[in-house]
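Below, each chain spelled out in residue letters.
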Amino acid sequence: MSSLLIQNGRVIDPANGVDEVRDISVVDGKIAAVAASGAETIDAKGKIVTPGLIDMHVHLREPGRSDKETIETGTRCAARGGFTSVVCMPNTTPAADNTGTIAFIKQRANQVACVNVFPTGAITKELKGEELAPIGSLKSAGVVAITDDGHCVQNNDLMRRAVEYAKMFALPVLDHCQDYHLVADGVMNEGYWSAALGLGGWPAIGEDVIVARNILIAELTDWHVHCQHVSSARSVRLIREAKRRGVKISGEATPHHFTLTDEAVKSYDTNFKMNPPLRSERDRQTLLEGLADGTIEVVASDHAPHCSYEKEVEFDFAPFGVIGLETELALSLDLVRQRLLELPQLIEKFTTNPARLLRLNKGTLSLGADADITIIDPEHAWTYDVNETASRSRNSPFHGRKFYGKAIVTITGGEVAWRET
Amino acid sequence: MAHEIVENNPDPGSLAFIGIHTHGVPMAKRLSAKVSAILKKEFPVGELDISMHRDDLDLREIPPKVGPSQIGFDVTGKSIVLVDDVLFTGRTIRAAMDEISDFGRPRQIQLAILIDRGHRELPIRPDYVGKSVPTALSERVRVGLVEIDGRDEVMIER
Amino acid sequence: MSAVTWNHKDLLGIQDLSPEEINFLLDTAAAFKQVGERTIKKVPSLRGKTMVNLFIEPSTRTRTSFELAAKRLSADVINITASASSIAKGETLKDTALNLQALNADIIVIRHSAAGAPHFLARLLKAGIVNAGDGAHEHPTQALLDALTIREKKGRINGLKVTILGDILYSRVARSNIWLLTKLGANVTLAGPSTLVPRAFEQFGCRVTYDIEEAIHEADVINLLRIQHERQRQTMFPSIGEYTAMFGLNKERFARTKPDALIMHPGPINRGVEIDSEIADSSRSVILEQVTNGLAVRMAVLFLCSGGRFSAEGTE
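Chains as they are written, first to last, in the working numbering: chain A, 1 to 421; chain B, 1 to 158; chain C, 1 to 316.
Keep in mind that a hint or two might mislead.
Stated by the list, open to error - Computed cross-link-like contacts, DMTMM-like style, restricted to lysine to aspartate or glutamate with a CA-CA straight-line distance of at most 25 Å:
hint	chain 1	residue 1	chain 2	residue 2
1	A	K45	A	E420
2	C	K94	A	D185
3	C	K42	B	D102
4	C	K71	B	D98
5	C	K126	A	E164
6	C	K41	B	D56
7	C	K42	B	D58
8	C	K41	B	E121
9	C	K41	B	E4
10	B	K40	B	D74
11	B	K65	C	E214
12	C	K89	A	E310
13	B	K65	C	E37
14	C	K89	A	E420
15	A	K266	C	E20
16	C	K94	A	D67
17	A	K266	C	D76
18	C	K154	C	E214
19	C	K183	A	D67
20	C	K94	A	E312
What the hints assert, rightly or not - Okay, the calculated bits of chain B under chain C, using three or more residues with CB under 8 Å as the criterion:
hint	region
21	15-28
22	98-109
23	148-158
To be verified - Which chain B residues stay away from chain C? Per the calculated CB distances, all over 10 Å, these:
hint	residue
24	K65
25	T89
26	G144
Derived by calculation from the structure, the hints in this document are not laboratory data. All values derive from a computational prediction rather than experimental measurement. All C-beta atoms in this analysis are idealised placements derived from N, C-alpha and C, irrespective of residue type, glycine included.
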C-alpha cells in the first residue's frame, strides 16, 4: 500500500473547522488517522496544508480545439496551480450536450488527467438557447451541473423551464450572465476607457439584467442558480440582497476581475480582452467587498486558452478569454496579504463552497476522504513566465508579474500530481 | 566686407543677400544695409532655414527644429551673396546652395562669412571673410549679435 | 531652445503628446507649408526612405495627402489598400506588417477600422508608425491640421471657444480634437443627438450640450462632423432628415453665430446634411485651408518620425 505523511504544516480544513499545525496522513489514496510505516514524508513546516483546491470554471477545449488545450495539458496547468479538481465547461466541439461527449471527456480524463475532472452539461442543444438538452441523460452520464457557458439563454421562459427541470435531477444551473442585445458587439467595459480608446463598450447592465432574472427564477423555482464570473458592482449588490432573503443564488469571481480594471486595455493588448470584460475600479472594489462578506462564495479562473495566432490580431477581432489556472492561487493569496480576507475564508472559496454547490465529495480533509491535498508556501517569491506554462496557449494578462505564494505540492488521490522543483 | 562686395560686383542691379538661420540673417541685413549705403540702392534680403536639406538627418538623436525659409524675391538671374556667421565643415553651405537651387537658378552665388574656423570637409571656399581663426576640432566657436544675443562678440569655447 | 522636443518613432495619437510636443509639431508644419509655395516643391529630407501607405480602411483624400507629403520630402511611396489581393485572401495584419518590414519600410502610415491597430504595429515593427485613423480611436494628423488652421486664423488656441458638432461617439476626429484642444487650453463644447454625444465625454474636460443654438452662439470655431454610418453599430437616430433639421448648420443657425467664427469640417462634406451648401463655400469656411494645412502637417509628421536614430524600443 502507498502512504504519505505530511508533517508540521498549518492545516486549514474549513469543513471541519480546523486551523492548526498538525500532521496529515494518507493511506491508499484516502485521508487516514496514521500513516503506514515506510510512508513518504513531506515536511510542511511553515507551509499551509489544505484540502485539494477546486476550480469550478475551466475550459479544457477537448474535444474539438486541442490546438488551444487538451484535457491532459489543462489538468497539468491545474496541478501546477495547486488544483486537484476542475469543473470543465461544455462549449467544446461538439458541445457537451449529449452523453457521447460526456463519456468521451470522462474516458479521456481517466487516461491522461493528473487531477479530477468533473464535466458540466449544456442547458440547451448546441448552446443555441432554443431547445433543452437531454438534461436527465446528461445527469446519468455524470455531469455535476448544467450551463451554457460561453453563451447565455436569452429566452427567460426557457431558462425558467431549464431550472425547474434541472431541480428534478438535483443539478445546479450555472449561468454566464450576458444580455446579447445590451452588449451587442462591444469588446470592453463601457465607461471612461471605452470612450477614450474608441472601442465598443459593453455596459455593466448587460450582466446585471441577467443576474436579476436568475435571482427571480431561482426564487420562483426554489432551486439553485449560480452566477459565473460576476464582474459588476450592481450584480454583487443584487446577489447580496437576494441571499439575505434566502434565495438559492450564488456568485463566483475570477482573479483577473478582482485584480485588474478596464484601464489595462489602454495598451490594446488582447491579453486583457475577456468576457465579461475588466470593469471599473468601483466594480472591482465592490467585488472585493462581496468576497469579504461572503456574497461571492467561489473563486474560479475561467481558464480560457486561445492559440497565439488567434490572439495576435487587432483588438476588435481577438477572441475573448485568458488562461488563469497557474496564477489563480497567487492572485487570491494577495487578497489575504492585503488583509481583505482571512486565509481560511479564502480556502473556503476553493474547497467547501464549490464542493457544496456542486455536491462533490471533495474539499475536505476528513478521515476517509479522498486524499486530495494542496500544500502552499505563502512566502514563496516567484515571477510568472508564461513561456513556462503547461498550457498549449500563452494568453495571460500576468506574464512577468511578481507573486508571493505558490502551491508547492499538489496531491490527487494520494499521488503527487505535481511538485515545485 | 561691404566694400569688397561692391568691388567684386560691378553690376549691382542683380545683387541680393540671403542669410542662413539663425545668425546669418541679421548679418545679411547688416551687410545689405552697408552696401546700400555705399551704392545708394536697396537690395533684397532673404532668409534660409537649411534643416530640411541637412545631410545628417539619419545620424541625429532627435530631429532638428525646422523653421520656414523666406525668400521674397525670384533668385533666378541674381548674384546672391550667401551670408553666415561661422564657416566650419562647409556642409551647411552645401545644404544652403541646394536649397537655393530649389527656388530658381541664380546667376552666381558668393559666400560671405564672419569667421572662418577651418576644418573643411567639402570643397567650399568663402569669397568674403571677416576673420580667419584657426581652431581645434574640439573647440566651439559662437558668434553673438546684438539683434539676437544682445551683444556683438565672438567666443571660442574650449 | 528646449532640449528634447520630439523623440517618438511613432505618432499613434494625440493622447500621448504633451502640449510642448504639439506646439513643436505645429511650428514644424508651418515651416513645411512654405515648401508648397516654392517653384520646386520638394526637399531632400527623406530621400531614399520608403514610406508605405497601408490603408486597410479605404480613403482617397487622406491617402493622397500622405502620399504627396512623402513625395515632397523625396521619399519613395508604396500604396497598399484593403482590396489588395493578399489581404483579401485573409492575410493577417501581423503577416502583412512583417512582410513590409522585410522590405525595409522606414515609415508605415496605417488607416484601419479597428482601434489599436497602429499600436499593434508599433509593438511589432521597427519602422515608424503613423496613425492615419484607427476605428473610432484617433486621427492625430486631422486634429493637428485643424489646430494649425485655427492658430493661423485666430493667432492662438488657448482660451478659444471651440464647438464640435455631430457624431462624437463614433468619431476619431472628435476624440483627437478633444485631446489636442483641451491640452492647449481651449474651451471645448460637444453638441449633437444624445445617443451620439454621451455625457461620459464630460470626463475629458468638455462641456456636453444637446442645444445646438446654445452650442454655436458663442463659439469662435465650429467643427462639423460627418455622420459615421459605417461605424455605427445600430441606429442612433431616426433619420438623416431629422438630424439635419435638429443639428444641421443651416442659414438661420449660421446667422446666429459670431461674425468671425470659423467653420471647419474634416471632409468629405455632405452638402445639405451637416452643412448648407452655401455656408460650405462661404468666406467663413476654412475647409480648403484645412486641406492645405493637412499636407504641411503630414510632411512635418513624416519628417519627425523618420529623421534621427531612435532607441530600439521606440516610444508609445
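Hint-by-hint comparison with the structure:
1. Taking the CA atoms of K45(A) and E420(A), the gap is near 16 Å; set against the 25 Å cutoff, the hint holds.
2. Between K94(C) and D185(A), the direct Cα distance comes to roughly 23 Å. Compliance with the 25 Å bound is thereby established for this hinted pair.
3. Simply put, K42(C) and D102(B) have alpha-carbon atoms about 8 Å apart, close enough for the 25 Å limit, and the pair holds.
4. In summary, the hint linking K71(C) to D98(B) is supported, as the alpha carbons are separated by about 17 Å, within the 25 Å threshold.
5. Distance check on the hinted pair: K126(C) and E164(A) sit about 59 Å apart at the alpha-carbon level, beyond 25 Å; violated.
6. Between the alpha carbons of K41(C) and D56(B) the distance comes to roughly 21 Å, so the proposed pair stays at or under 25 Å and holds.
7. With a C-alpha separation of about 18 Å, the suggested pairing of K42(C) with D58(B) holds against the 25 Å cut-off.
8. Taking the CA atoms of K41(C) and E121(B), the gap is about 29 Å. The hint is violated against a cut of 25 Å.
9. Between K41(C) and E4(B) the CA atoms are separated by roughly 35 Å; this puts the pair beyond 25 Å, and the hint is violated.
10. At most 25 Å may separate the alpha-carbon atoms for a hinted pair to count; K40(B) and D74(B) meet this at roughly 22 Å.
11. Annotation: proposed proximity of K65(B) to E214(C) is violated, straight-line Cα distance about 42 Å (limit 25 Å).
12. Between K89(C) and E310(A), the direct Cα distance comes to roughly 17 Å. Compliance with the 25 Å bound is thereby established for this hinted pair.
13. Proposed proximity of K65(B) and E37(C) is supported: the alpha carbons are some 20 Å apart, at most 25 Å.
14. Between K89(C) and E420(A) the alpha-carbon distance is near 47 Å, which puts this suggested pair outside the 25 Å criterion.
15. A threshold of 25 Å between alpha carbons decides the hint, and for K266(A) with E20(C) the separation of about 23 Å falls inside it, so the pair holds.
16. A distance of roughly 20 Å separates the Cα atoms of K94(C) and D67(A); the hinted pair therefore holds under the 25 Å criterion.
17. Restraint check for K266(A) and D76(C): not satisfied, since their Cα atoms lie roughly 33 Å apart, outside the 25 Å limit.
18. For the proposed pair K154(C) and E214(C), the alpha carbon gap of about 22 Å is at most 25 Å, so the pair holds.
19. With a CA separation close to 47 Å, the supplied pair K183(C) and D67(A) exceeds the 25 Å bound.
20. Taken as a hint, the K94(C) and E312(A) pair is honoured in the structure, with Cα atoms around 7 Å apart against an allowance of 25 Å.
21. Counting residues of the region 15-28 of chain B whose CB falls under 8 Å from any CB of chain C gives 0; the rule of at least 3 is not met.
22. With 6 residues carrying a beta carbon less than 8 Å from a beta carbon of chain C, the region 98-109 of chain B meets the three-residue requirement, and the given coverage holds.
23. Three residues within the 8 Å Cβ limit are the bar, and the region 148-158 of chain B against chain C gives 0, so the coverage statement is violated.
24. Distance check on K65(B): its Cβ comes as close as 6 Å (rounded) to a Cβ of chain C, failing to clear the 10 Å threshold; non-interface status is violated.
25. Listed as a non-interface residue, T89(B) keeps its Cβ farther than 10 Å from every Cβ of chain C; the least gap is roughly 18 Å.
26. Taking the minimum C-beta to C-beta distance to chain C, about 16 Å, the non-interface status of G144(B) holds against the 10 Å cut.
Comparing the model with each earlier hint shows violations of hints 5, 8, 9, 11, 14, 17, 19, 21, 23 and 24; every other hint is respected.
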